[in-house]
Amino acid sequence: MTTKSVQWRRGTTSGHTSFTGLQGEVTVDVTKNTLIVHDQSTVGGFPLAREDLSNVDLSGLAQNDLSNVDPAHYSPIDATDSAKGIVELATDAETITGTDSTRATTPASVKAAIMANVSTAALPRGFISGLIPSLATDIEHDLTISIGEARSPDHTTDIKLNTTITKQIDATWVAGDNVGGLPAPLTVTADTTYHLFVIYNPTTQTTDAGFDTDLNATNLLTIATGYTKYRRVGSFLTDANANLRPFKAIEKAGGETLVKYTTPISNLSVNASTQPTTYTILNLSIPNDVEISPTLSIKLESNSGFNYEHVLLKDSYTQDIKASYASGWGVNSLV
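Residue numbers are given in our numbering: position 6 of the sequence shown equals residue 969, and the series is strictly consecutive.
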């Protein structure tokens, strides 16, 4: 039997770039070792893919373009931080979790991650914003707390109040708005400091409020079952009739709350025969157990000609100052 060999017209890849074959003609690209089919009009023709796809540029192909390729002859390369390749898009959940190192993200999934982190990010230690107390309809017994948020003193929990809440100091604490706020067995008494708290139940994720004489809200958290986190938002003093003293609270920059009594309170009145000449502890009508900066008004009057009255004020942290007086030009001067 006679054997004959057939050789197709052939040339390099470069040579084919200027060659236009006849309709149905097949040539061989000896550079890529593959066949090229021609249509008599397209310069260079149409190269056929090799079985191992080694002569095919896959960089522009989508995964679906390879659905008919035998996996035995095609092993897609995953993209890395140093090499191009096939990459799968991450879901919003995978992007939010943030532990996947192979999938790519989209602007939409990045936004979802940002929003998720913003909504769950912990407040800074000691943070407080809003939660401003004000007198309610019953100005002698009820306080309303504005919406706001704060970090718990133990720096474990964010406490957020999304709606205003009103609590009654003259009624036993009950969960909810416009109800009692004083835990049993406490009762409202005259000239007593009461601290106002927002409290949080981690199990039900609910926020409430109430009063207590204890700075750590011990009595309040005992009666408010499930509420374990708290933040003090104000401290108030009752008057001689066991009523809340009228006040105005204003939020300052940084979350500080400025509270001013709307009715002045007189704590000391002396005359020439009773005025002290040494330091005397003066109990002011301000909340106890908390450090505050009181605003004092001092009025000095003299009906003795050119005699002037002097007053020295200091806190318990300041060293004692010895007062003496020197007379000159008819005016007594403090030295």
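There may be inaccurate statements among the hints.
Unchecked claim - Using 25 Å as the maximum straight-line C-alpha spacing, the simulated SDA-like pairs for lysine to any residue come out as follows:
#1 Lys1047 x Met1078
#2 Lys995 x Trp971
#3 Lys1211 x Ser1109
#4 Lys1223 x Pro1209
#5 Lys1223 x Asp1101
#6 Lys995 x Ser981
#7 Lys1215 x Ala1099
#8 Lys1074 x Asp1055
#9 Lys995 x Thr965
#10 Lys1223 x Asp1154
#11 Lys1211 x Gly1189
#12 Lys1123 x Thr1181
#13 Lys1123 x Gly1189
#14 Lys1074 x Asp1121
#15 Lys1211 x Asp1154
#16 Lys1047 x Val1006
#17 Lys1211 x Ser1097
#18 Lys995 x Arg1013
Unchecked claim - Now the in silico label distances, taken between C-beta atoms and shown as ranges:
#19 Gln1003 x Asp1044: 46 to 52 Å
#20 Gln970 x Ala1067: 37 to 43 Å
#21 Val1050 x Ser1256: 57 to 63 Å
#22 Ser1109 x Tyr1224: 15 to 21 Å
#23 Gly1089 x Val1137: 46 to 52 Å
#24 Thr1181 x Thr1126: 45 to 51 Å
#25 Thr1188 x Leu1231: 16 to 22 Å
#26 Ser1256 x Ala1203: 42 to 48 Å
#27 Thr1181 x Asp1044: 50 to 56 Å
#28 Ala1085 x Leu1245: 38 to 44 Å
#29 Ile1244 x Thr1181: 24 to 30 Å
#30 Gly1089 x Leu1245: 27 to 33 Å
Keep in mind that the hints were calculated from the coordinates and are not lab data.
Where a beta carbon is used, it is the ideal one built from N, C-alpha and C, also for glycine.
### Message
Quick check on a hinted range of 37 to 43 Å for Gln970 and Ala1067, using CB atoms only.
### Response
Between Gln970 and Ala1067, where Cβ atoms are some 48 Å apart, the hint is violated.
### Task
Sort out whether Ser1097 lies within 25 Å of Lys1211, counting only the CA atoms.
holds, 7 Å
### Message
Check whether the Cα positions of Lys1223 and Asp1101 lie no farther apart than 25 Å.
### Response
holds, 19 Å
### Query
Has the hinted range 50 to 56 Å been met by the Cβ atoms of Thr1181 and Asp1044?
holds, 55 Å
### Task
Decide if the proposed pair is consistent with the structure: Lys1223 and Pro1209, CA atoms, cutoff 25 Å inclusive.
Judged against 25 Å, a Cα distance of about 9 Å means the pair holds.
### Message
For the hint 15 to 21 Å, verify it against the beta carbon of Ser1109 and that of Tyr1224.
### Response
holds, 20 Å
#### Entry: Satisfaction of hint between Asp1055 and Lys1074, Cα-Cα up to 25 Å
holds, 9 Å
### Query
Taking 42 to 48 Å as the hint, is the beta-carbon distance of Ser1256 and Ala1203 inside that range?
Violated - the Cβ-Cβ distance for Ser1256 and Ala1203, about 25 Å, lies outside 42 to 48 Å.
### Query
Does the Cβ pair Val1050, Ser1256 satisfy 57 to 63 Å?
Holds - the Cβ-Cβ distance for Val1050 and Ser1256, about 60 Å, lies within 57 to 63 Å.
### Holds or violated: Lys1211 to Asp1154, with C-alpha atoms at most 25 Å apart
holds, 19 Å
### Message
Can you tell me whether the CB distance of Ile1244 to Thr1181 sits inside 24 to 30 Å?
### Response
This hint holds: roughly 28 Å between Cβ atoms.
### Message
So if I understand the rule, the pair passes when the alpha-carbon distance is 25 Å or less; does Lys995 with Ser981 pass?
### Response
Measuring from Cα to Cα gives roughly 16 Å; hence the hint holds.
When each numbered hint is compared with the structure, violations occur for hints 1, 9, 11, 16, 20, 23, 24, 25 and 26.
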